[in-house]
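Engineer: Kindly produce the complete structure, drawing on both the sequences and the hints.
Listed below, chain by chain, are the residues.
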Amino acid sequence: MAAPLVLHLLLALLLGSGGRSGAEPERDSLREELVLTPLPSGDVSATFQFRTRWDSELQLEGVSHYRLFPKVLGQLISKYSVQELHLSLTQGFWRTRFWGQPFLQAPAGAELWVWFQDSVVDVDKSWKELSNILSGIFCASLNFIDSTNTVTPTASFKPLGLANGTNHHFLRYAVLPREVVCTENLTPWKKLLPCSSKAGLSVLLKAERLFHTSYHSQAVHIRPVCRDAHCVSVSWELRQTLTVVFDAFTTGQGKKDWSLFRMFSRTITEACPLASQSHIYVDISRNSQENETLEVSPPPTSTYQAVVLGDRRTYAVYDLLNPATFSGSRSLNLQLRWKQFQDIGSQLVPFLHAQRYVSGYGLQKGELSTVLHNTHPYRAFPVLLLETVPWYLRLYVHTLAITTKGKENKPSYIHYQPAQDRLRPHLLEMLIQLPANSVTKVSIQFERALLKWTEYTPDPNHGFYVSPSVLSALVPNLVGAKPANWEESPLFSTMFPVSDSSSYFVRLYTEPLLVNLPTPDFSMPYNVICLTCTVVAVCYGSFYNLLTRTFHLEEPKRSRLVRIAVKNK
Amino acid sequence: MYVGNYGKDPGLGRAGVRSWPYHLLVLCVLLNPFTPLSLTFLKMRRMDLISFQRCHVLCSLYPLAMGLLLDSHRRRALARLLLRLNTPLCVVSYVAGVVWFLALAFSPLTQNTYISENAMGSTMVEEQFEGGEHALSYARDFIAQRRKTGNLPVAWLERTMRSVGLEVYSQSFSRTLPFPDETHERYMVSGTNVYGILRAPRAASTESLVLIVPSSPGTLNAQAVGLLLSLAAYFRSQIYWAKDIIFLVTEHDLLGTEAWLEAYHDVNITGMQSSALRGRAGAIQAAVALELNSDVVTSLDVAVEGLNGQLPNLDLLNLFHAFCQKEALLCTLQGKLQHSDWASLGGSLHGLQTLMLMVLRQASGRPHGPHGLFLRYHVEAITLRGINSFRQYKYDMTAVGKTLEGMFRKLNNLLERLHQSYFFYLLPSLSRFVSIGLYMPAIGFLLFIPGLKALELWVKLNKVDFSPEEQLGPLQLVGQDVRGVALTPLVAPVLISQATGLALYLLPVMGQHVAAQHFPVAEAEAVVLTLLAIYVAGLALPHSTHRVVSSTPRGPDSGWMALKLLALLYLALQLGCISLFNFSLGFLLAVTMVPAAALTQPSGPRLLYAVLLVLVSPGATLLGSLFLWRELQEAPLTLAEGWQLFLGALAQGVLDHHLYGALLFPLLSLGLYPCWLLFWNVLFWK
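Just so you know, the protein sequences line up as chains B and W, in that order. The letter at position 283 of the first sequence is residue 283 when you use our numbering, and the numbering goes up by one with no holes. The letter at position 18 of the second sequence is residue 18 when you use our numbering, and the numbering goes up by one with no holes.
It is possible that part of the hints are untrue.
[To be verified] Pairwise CB distance ranges (calculated):
hint: 1; chain 1: W; residue 1: Ala242; chain 2: B; residue 2: Lys255; range: 21 to 29 Å
hint: 2; chain 1: B; residue 1: Phe211; chain 2: W; residue 2: Ala155; range: 32 to 40 Å
hint: 3; chain 1: B; residue 1: Tyr378; chain 2: W; residue 2: Arg159; range: 50 to 58 Å
hint: 4; chain 1: W; residue 1: Arg159; chain 2: B; residue 2: Lys255; range: 16 to 24 Å
[Unchecked claim] Pairs of lysine to aspartate or glutamate residues, derived as EDC-like cross-links and limited to a Cα-Cα distance of at most 20 Å, are as follows:
hint: 5; chain 1: B; residue 1: Lys79; chain 2: B; residue 2: Asp118
hint: 6; chain 1: B; residue 1: Lys198; chain 2: B; residue 2: Glu208
hint: 7; chain 1: B; residue 1: Lys206; chain 2: B; residue 2: Glu184
hint: 8; chain 1: B; residue 1: Lys405; chain 2: W; residue 2: Asp266
hint: 9; chain 1: B; residue 1: Lys128; chain 2: B; residue 2: Asp118
hint: 10; chain 1: B; residue 1: Lys441; chain 2: B; residue 2: Glu367
hint: 11; chain 1: B; residue 1: Lys407; chain 2: W; residue 2: Asp266
hint: 12; chain 1: B; residue 1: Lys567; chain 2: B; residue 2: Glu555
hint: 13; chain 1: B; residue 1: Lys339; chain 2: B; residue 2: Asp283
hint: 14; chain 1: B; residue 1: Lys452; chain 2: B; residue 2: Asp521
hint: 15; chain 1: B; residue 1: Lys365; chain 2: W; residue 2: Asp266
hint: 16; chain 1: B; residue 1: Lys441; chain 2: W; residue 2: Asp266
Hints listed in this document are in silico derivations from the structure and should not be mistaken for laboratory results. Please read these numbers as outputs of a predicted model, since none were measured by experiment. In this text, a Cβ means the ideal position worked out from N, Cα and C, and glycines have one as well.
Structural biologist: Encoded structure:
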């Protein structure tokens with residue numbers, strides 16, 4: 001009786017708290033997941049999700065022992081009393097019309113939004129410091145976040161996790177559309193993973209393949225979640241997601257077939273040893289119709305059916321912790337082969353998509369237009385539209401026009417915060433009802449401001465970026481969804497909290513805009529002109545004076561007093 | 001002791017009362033071609049260093065001149081000098097202007113072109129396009145499909161574009177012309193534009209480039225469509241794109257292009273009806289239009305002149321020229337090959353010929369290819385035309401495709417919009433250019449003449465002031481306002497000539513149906529004939545104006561002098577403004593109108609003056625330009641042909657205004673024609 005106990009203790013000591021057979025149940029866990037989705041256009045999207053959950057009160061000071069949860073982020077949360085943190089770095093643009101609804105879209109460039117706890121006194125200061133620290137952690141130019149591109153949305157960005165109050169004064173939101181994302185941002189992101197890129201799904205994350213794609217988006221989401229069904233205590237969740245879209249056209253030479261090796265030039269040999277769950281899902285929904293159109297090899301061990309993004313979908317599931325997955329060979333190279341590929345890109349247009357552009361010509365005025373499409377055949381739904389416009393585009397709010405099918409569409413909620421020159425951007429939030437099967441155009445005119453000459457970027461003729469509009473909506477489901485166990489269901493379906501079974505939450509971003517401002521010629525002639533203008537201006541007055549005066553001798557006039565004085569001498 | 005006594009000087013006291021006309025006159029003379037408008041231009045389009053320095057030198061002359069004028073003694077001396085030297089100065093100035101212009105093609109005034117844009121300069125790429133045969137097979141399919149459907153095979157184009165991996169959209173448009181277009185035989189036009197967007201990987205569709213092929217019933221450009229599709233297929237398989245590329249096929253040449261551009265920028269300028277675009281790709285950085293109608297080409301011609309004489313940035317042309325040299329293609333400008341020996345007299349004369357052709361084309365203000373419409377939207381664009389002549393050496397589609405590939409890859413490298421090089425230039429050949437700083441003096445000299453003449457008239461009108469023996473005190477002078485210009489008699493002629501101009505602008509199009517009902521002519525003819533009728537009827541005006549004008553109590557000459565003074569200033573102002581945005585038009589009008597305007601007076605050989613004035617009227621200038629144009633192209637016109645061409649050009653001018661917003665027609669009818677009528681009035685002053 002004693003010997004096994006001693007052995008047990010010894011084992012526990014040897015393995016530390018990381019051992020699976022520890023006396024105490026683990027307080028943190030890791031789940032990793034890869035979803036491969038053939039897109040309607042024929043491209044393939046791969047979404048990695050790594051979730052670290054920690055049953056600990058991070059907010060309380062004194063947490064010093066970190067295991068799976070990255071210490072650098074944990075300290076950040078406790079130091080700045082962060083309630084929720086969402087950071088995404090994206091290169092490219094998710095084309096909703098052709099690729100369908102994404103699990104989680106991100107705007108081109110960098111996006112950061114943070115909810116602070118209501119104990120924070122100076123939110124702006126914390127926000128500034130936090131963004132600077134994140135800038136260092138992720139090697140991104142987040143330090144360019146300042147008051148001119150930060151807004152406090154009132155309705156668009158609700159906390160995704162547990163939250164007591166939703167006082168939007170504790171929310172900060174900023175987008176840097178110009179940020180370029182590359183390997184230097186990927187490396188620190190990978191370092192946060194418990195297995196780094198040594199084992200598990202993360203071996204696929206090789207920069208030379210990930211940046212050979214049409215779309216690349218990596219994100220970090222931190223939020224508090226319920227520890228169990230009773231929701232008495234709080235756990236912290238860190239989700240690291242990475243979405244890439246492979247262009248089937250250029251990589252496959254016209255063929256739409258793909259394999260893990262062809263996409264990532266790697267195959268999977270094992271799960272991450274620290275992970276409690278490691279799954280690969282392949283969307284085979286288009287197979288479940290009457291005839292077999294595609295073939296996945298090796299054949300999946302099980303399938304999973306659920307209502308995802310409003311539609312019933314079927315996934316082939318590969319459990320990497322199950323040795324049977326690797327039974328055939330030592331490595332897993334998933335392959336998908338189309339037996340017949342039908343181009344259904346035009347039929348499968350998502351219910352909500354949007355487009356944004358600048359209209360007009362010339363360098364004085366212009367118009368920002370956002371076109372919202374609701375392609376649902378019979379259901380209307382409201383959309384919350386958030387527009388952030390930099391101060392140097394002076395919005396004419398009286399020109400705001402929302403038209404649907406030629407008629408004016410009055411927003412039921414509108415919040416406008418005017419810009420202040422060099423201090424803060426315009427913020428416009430509206431709740432617009434989109435009628436079924438309609439196109440709604442939201443347009444507002446603006447005037448281009450003249451900047452001070454030091455305010456121009458080094459490449460002023462490139463144009464100035466306007467961050468994308470954000471659309472948040474509850475889109476009606478095609479089929480009714482059953483509420484599933486949140487902790488049990490796959491990660492890709494639990495990003496947003498589900499409110500009811502008839503609709504799903506979608507957040508979409510439009511493309512960023514590039515606007516040209518009136519720009520002086522910053523080249524040598526410009527400087528010469530400035531100089532000559534100054535010289536001429538200085539010379540003019542004196543020349544004029546000199547030339548228009550006539551000079552002649554004047555008899556000295558003496559006042560009477562002087563004359564009398566002279567006479568009396 | 002010397003004391004400045006600004007306030008006490010009698011001369012200045014007088015000047016204080018009446019100094020503003022001097023300021024105005026001197027400013028007019030000195031700053032004519034450099035009005036403050038240039039500052040607005042500078043903001044957007046680059047003028048160069050030299051012209052601006054010259055402007056400032058003149059600015060610094062201004063206080064000098066004012067100083068001379070405001071001092072009474074010096075003013076008298078100057079006035080005498082001015083009266084004595086006026087005519088020789090005018091002659092010298094005119095000759096200098098014309099000689100300067102002719103000298104523009106010779107070597108000290110032209111420079112070699114060079115690529116200023118860093119992003120396009122140093123990158124070396126090897127063109128790998130090999131799809132020439134593919135392009136021809138696409139072209140054959142296109143012709144077959146076109147024959148089957150009767151107009152643009154939209155469905156086939158969409159299918160083909162989609163099959164090469166583009167995002168495909170189409171746009172339908174329709175436009176009813178203000179009157180039937182006889183040269184293109186169209187009145188109610190409706191068509192469809194098809195375009196496919198190549199989405200650049202990892203880019204957020206903020207910037208794009210455009211390759212456009214116009215295809216209309218007359219000129220099918222089938223080979224260009226084929227090459228466009230073949231290039232699209234090749235470009236799609238490349239991974240280096242940083243900007244989206246739009247492949248656009250438009251119907252009804254410029255109308256389709258205008259419809260697409262208006263829809264892309266979501267504006268409606270010309271009353272075009274078109275469906276909204278569903279696919280966009282951000283701000284367009286540059287566009288290349290392609291016109292090819294044969295399987296092989298002997299040379300590529302490039303057109304730069306756009307709507308209202310706007311030109312694309314010189315770097316775009318330089319880029320084309322660089323690839324011409326790299327691919328050893330034969331490239332022409334205005335249909336003229338480059339002379340082998342530039343330094344020789346023959347080479348320079350050849351350059352002058354090319355330059356004159358460019359001036360005539362630019363002055364017409366018409367878009368010479370689909371690229372011309374892009375310039376309004378600040379999109380740099382050129383049109384390339386494949387020419388298949390009887391030369392022996394021919395190039396296939398692969399060579400043309402490689403040129404385009406190279407250009408697009410370089411444009412793809414751009415970090416900013418093209419802005420480094422010149423926006424205002426004249427081209428004596430593809431490899432040489434004249435910058436704005438060097439050609440502006442030509443018109444400066446010409447516009448000096450109306451200024452001088454106006455000064456002379458002003459001096460004459462205030463003759464008493466300047467007679468040397470006169471010793472009038474300032475108080476007496478101020479009291480007499482007999483001298484000076486009486487403005488009331490001028491109101492009637494000015495108003496009447498402006499009204500005639502307005503009638504010329506409005507009536508032809510508005511009254512076409514009335515005219516077509518009452519006379520046996522078609523609508524298009526009715527417009528042209530009404531135009532001519534009103535134009536000629538304007539010549540009878542002096543007789544009617546005199547009835548309105550009451551006789552003036554002043555000197556016998558003061559009436560026409562005042563009118564001429566006004567007309568001269570008006571002319572100088574207009575020409576100065578025109579020459580700022582369209583040098584060619586300004587110069588062409590100045591070189592004809594200025595001498596006649598300066599000579600006109602109601603005495604002397606009036607018949608001669610009348611003939612001269614009629615010969616330089618805007619309409620006659622147009623006719624003359626047409627003859628000169630064909631002469632320079634070495635295809636001279638007979639009189640009858642010339643007249644037919646003239647009538648066609650009138651109709652086209654009016655149409656261009658209504659369809660694309662060309663400014664030549666309103667400019668001539670509302671600005672220069674009334675101004676010319678004022679001189680006509682001067683000539684027949686009673």
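Engineer: So which of the earlier hints does this model not fit?
Structural biologist: Violated hint: only 3; rest satisfied.
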